[in-house]
Amino acid sequence: MPPLHHSPIRDDNALPDRQRKGRGSVSNRTSARFGNADRYEVEDGWTVEENTALERKKTILGIDSARRIISQNDSPDVGFDRSINPYKGCEHGCIYCFARPTHAYLDLSPGLDFETRIFRKPNAAELLRAELSERRYKAGPLVVGINTDAYQPTEKTERITRSILEVLHEFRHPVSIIT
Numbered sequence: 174m175p176p177l178h179h180s181p182i183r184d185d186n187a188l189p190d191r192q193r194k195g196r197g198s199v200s201n202r203t204s205a206r207f208g209n210a211d212r213y214e215v216e217d218g219w220t221v222e223e224n225t226a227l228e229r230k231k232t233i234l235g236i237d238s239a240r241r242i243i244s245q246n247d248s249p250d251v252g253f254d255r256s257i258n259p260y261k262g263c264e265h266g267c268i269y270c271f272a273r274p275t276h277a278y279l280d281l282s283p284g285l286d287f288e289t290r291i292f293r294k295p296n297a298a299e300l301l302r303a304e305l306s307e308r309r310y311k312a313g314p315l316v317v318g319i320n321t322d323a324y325q326p327t328e329k330t331e332r333i334t335r336s337i338l339e340v341l342h343e344f345r346h347p348v349s350i351i352t
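So the sequence shown is numbered by this note's numbering: it starts at 174 and just counts up by one.
Computed list of lysine-lysine pairs in DSS-like fashion (alpha-carbon distance at most 25 Å, straight line):
{"#": "1", "residue 1": "Lys329", "residue 2": "Lys194"}
{"#": "2", "residue 1": "Lys194", "residue 2": "Lys230"}
{"#": "3", "residue 1": "Lys194", "residue 2": "Lys231"}
{"#": "4", "residue 1": "Lys231", "residue 2": "Lys329"}
{"#": "5", "residue 1": "Lys329", "residue 2": "Lys230"}
I should point out that these hints are in silico values taken from the structure, not numbers from a laboratory.
Please put together the full structure from these sequences, using the hints given.
This is the structure we're talking about:
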């Protein structure tokens, strides 16, 4: 019996991937590792592109309803054991970003979805205050923005990173930021 091969269904009328203004990725393909859906554009005749200038795809903000805010790691090759990521996904769209594949865990594309579907943690400050107040918590180097940039364009209005830093200051907790 021949082995079964999984391949996403592709439409022969699929449009070629194209660059978009302000976005590093040109495709929205998903990872076959965590899901079998594939997203691509098809010309259905309803729209005709009159302007060949690059279009800017709108960013969609979602909520990450986290129960804890501090992530722990015990990796011997990094110099910290805890971190906070206020956002999942990143509007900056750096094509070389190592965090892109994490969107596949959400059954989203590491391509355009990673850049345009941002999940924020609006209750981050409250969660952090609760975790730092636990009796068993011992302060140690904490890094903000390891997986995605803590100062994305949406931070201007969301102020999640700012609220995290205010709580850390209140607790006199050591912190580093990567941006």
